[in-house]
Structures are given as C-alpha cells and as structure tokens.
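J.: Mapping to the working numbering: the sequence shown position 65 is 70, numbers consecutive.
It should be emphasised that the hints constitute simulated quantities derived from the structure, not laboratory data.
All values derive from a computational prediction rather than experimental measurement.
We put the CB at the ideal spot given by N, CA and C, even for glycine.
It is possible that some hints are incorrect.
[Unchecked claim] Below, a list of computed lysine-lysine pairs in the PhoX-like style, where the Cα atoms sit at most 20 Å apart: (1) K214 x K45; (2) K82 x K135; (3) K8 x K69; (4) K107 x K149; (5) K196 x K69; (6) K149 x K82; (7) K69 x K102; (8) K69 x K100; (9) K8 x K135; (10) K196 x K214; (11) K149 x K102; (12) K102 x K82; (13) K149 x K135.
[To be verified] What follows is a list of derived Cβ distance ranges for each label pair: (14) T42 x N70: 44 to 54 Å; (15) D109 x T42: 11 to 21 Å; (16) T42 x P197: 34 to 44 Å; (17) S28 x Q52: 16 to 26 Å.
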Amino acid sequence: MNKVQLVHFNMSRAVSTTLDSNSTLVETIPGLSKANTKLKGLQMDGQVYNQSQEADTTGVTAEKNIVRGTMEVAMRKVCTAMIAYATNEDNMQLKAKFSYSKGDFGQMRDQDIHTTASNIYDNALPYADKIGPFATAEDIATVKALADRFIALLPMHRTLTSKGATSTINLQGTIDSIMALITGTIDPLMKPMEFTQPTFYRDYMNARKIVNHGSRSSKDNGDTPQATTK
Numbered sequence: 006m007n008k009v010q011l012v013h014f015n016m017s018r019a020v021s022t023t024l025d026s027n028s029t030l031v032e033t034i035p036g037l038s039k040a041n042t043k044l045k046g047l048q049m050d051g052q053v054y055n056q057s058q059e060a061d062t063t064g065v066t067a068e069k070n071i072v073r074g075t076m077e078v079a080m081r082k083v084c085t086a087m088i089a090y091a092t093n094e095d096n097m098q099l100k101a102k103f104s105y106s107k108g109d110f111g112q113m114r115d116q117d118i119h120t121t122a123s124n125i126y127d128n129a130l131p132y133a134d135k136i137g138p139f140a141t142a143e144d145i146a147t148v149k150a151l152a153d154r155f156i157a158l159l160p161m162h163r164t165l166t167s168k169g170a171t172s173t174i175n176l177q178g179t180i181d182s183i184m185a186l187i188t189g190t191i192d193p194l195m196k197p198m199e200f201t202q203p204t205f206y207r208d209y210m211n212a213r214k215i216v217n218h219g220s221r222s223s224k225d226n227g228d229t230p231q232a233t234t235k
C-alpha cells in the first residue's frame with residue numbers, strides 16, 4: 006500500500022472497531038450492521054491484495070542479478086581469450102565475433118544478453134581445445150551453464166512482477182470501494198446519531214478522522230461527514 010491507501014485503510018479499520026464496540030446500538034440502526042460486515046469483507050480483500058502486491062520478488066531478482074553479473078564476467082573472460090587467440094592466428098573475422106566492450110554487456114536487456122551469451126558459447130566451442138593458455142574449455146562451458154540458469158530465472162521474475170502489478174490495481178479498487186461504502190452508506194446511517202447517541206457519534210467521528218501521515222494532526226479532508234451547524 007502507498008501512504009494514502011494505508012491511511013484510508015487504517016481509518017476504515019478504526020471505523021469497524023468503533024462499530025463493533027457499539028454492536029448493541031449498531032443492531033438497532035437499519036442497514037448499519039450489514040454495511041459494517043461488508044466493510045470488514047473489503048478490508049480482508051485489501052489485506053490479501055496487499056500481501057500479494059508485496060510478494061517477495063527480492064530473492065528471485067537478487068539471484069537473477071547475481072547470475073547475470075557472474076555470466077557477464079565469464080563472457081568477458083571467453084571473449085578476451087578468443088580475441089587473443091584470433092589475434093595470434095591473424096583471424097580478423099573470428100576476432101570480430103568476440104569484440105565486445107565491458108559496457109556493452111551492462112547495457113543489454115535480459116533477453117538480449119542471454120542471446121549474446123549463447124552466441125559467444127557457440128562461436129567459442131569449436132576452439133575449446135585451442136585457446137589455452139588464454140582460457141580453458143571449462144570457461145566456455147561456464148558461459149553456457151550460466152546462460153541456461155539465467156534464462157530459467159526470467160519467467161519466474163516476470164510472473165511475480167505481473168502478479169504484483171495486478172494486485173496493485175485490485176488493491177486500489179478495494180480502497181475505493183471502502184471509501185465509497187463509508188462515505189455513501191455508513192456516514193448517512195450514522196448522521197442521526199449526532200442527536201440521539203452523541204457519545205457514539207463522537208467516537209465514530211474520531212474514528213473517521215484522516216490522520217496526516219508523518220504528523221500528529223488530523224483532518225477530515227472532505228471525507229468525514231460535516232457536523233450540522235445552526
């Protein structure tokens with residue numbers, strides 16, 4: 006949840022707590038108990054969406070980044086070895102196939118760097134037993150192994166990121182529904198309590214206050230019902 010969503014969500018929970026604490030009175034007000042039940046259902050939905058939104062993509066992202074970094078080092082090692090070999094063999098065409106700078110790899114998109122790693126492996130493999138002492142056959146095999154691991158992590162990362170984005174949309178819709186229920190249904194049902202049950206109404210109004218995030222002040226911000234003036 007962002008700060009605004011969190012403030013509205015916490016306010017709605019304060020409203021539910023106040024209504025639950027005055028359940029005997031709430032039962033006497035037509036429609037209020039039903040509205041409170043619906044409100045708590047929306048709060049449960051909001052918690053589910055929030056948890057999904059915050060699904061831990063950190064582990065997958067961290068592993069992907071580590072594998073990519075290790076793969077880039079392995080790619081550079083094979084490229085420099087192949088360039089040295091091609092230079093010694095005076096094979097400019099072969100040399101051109103491995104002429105990447107360190108910055109080239111860092112700027113590539115995930116899919117592109119996997120393709121590049123695969124090309125480096127394919128082009129270097131025929132020379133696996135010839136590139137010593139610049140590198141070894143194992144160094145070439147390492148590029149392939151890291152490329153395979155890297156591409157396997159990409160769908161996992163995309164899936165988690167997609168789920169998080171969907172949950173963000175659902176969460177905002179739920180917060181909007183919560184605010185609509187409070188302002189459009191619960192507030193009007195509670196308004197008569199200002200005169201018939203002033204203590205209950207005062208507690209409700211205190212729960213309805215929107216607290217300024219990061220400060221100790223509160224405001225209605227156009228969301229709380231205004232008291233009747235004479």
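J.: Does each hint hold? Answer for all of them.
T.: To see whether the hints hold, each was checked on the structure:
no.	hint	in the structure
1	K214 x K45	holds, 18 Å
2	K82 x K135	holds, 15 Å
3	K8 x K69	violated, 30 Å
4	K107 x K149	holds, 19 Å
5	K196 x K69	violated, 55 Å
6	K149 x K82	holds, 13 Å
7	K69 x K102	violated, 26 Å
8	K69 x K100	violated, 30 Å
9	K8 x K135	violated, 61 Å
10	K196 x K214	holds, 15 Å
11	K149 x K102	holds, 17 Å
12	K102 x K82	holds, 14 Å
13	K149 x K135	holds, 18 Å
14	T42 x N70: 44 to 54 Å	holds, 46 Å
15	D109 x T42: 11 to 21 Å	violated, 60 Å
16	T42 x P197: 34 to 44 Å	violated, 20 Å
17	S28 x Q52: 16 to 26 Å	holds, 22 Å
Hints 3, 5, 7, 8, 9, 15, 16 from the earlier list are contradicted by this structure; the remaining hints agree with it.
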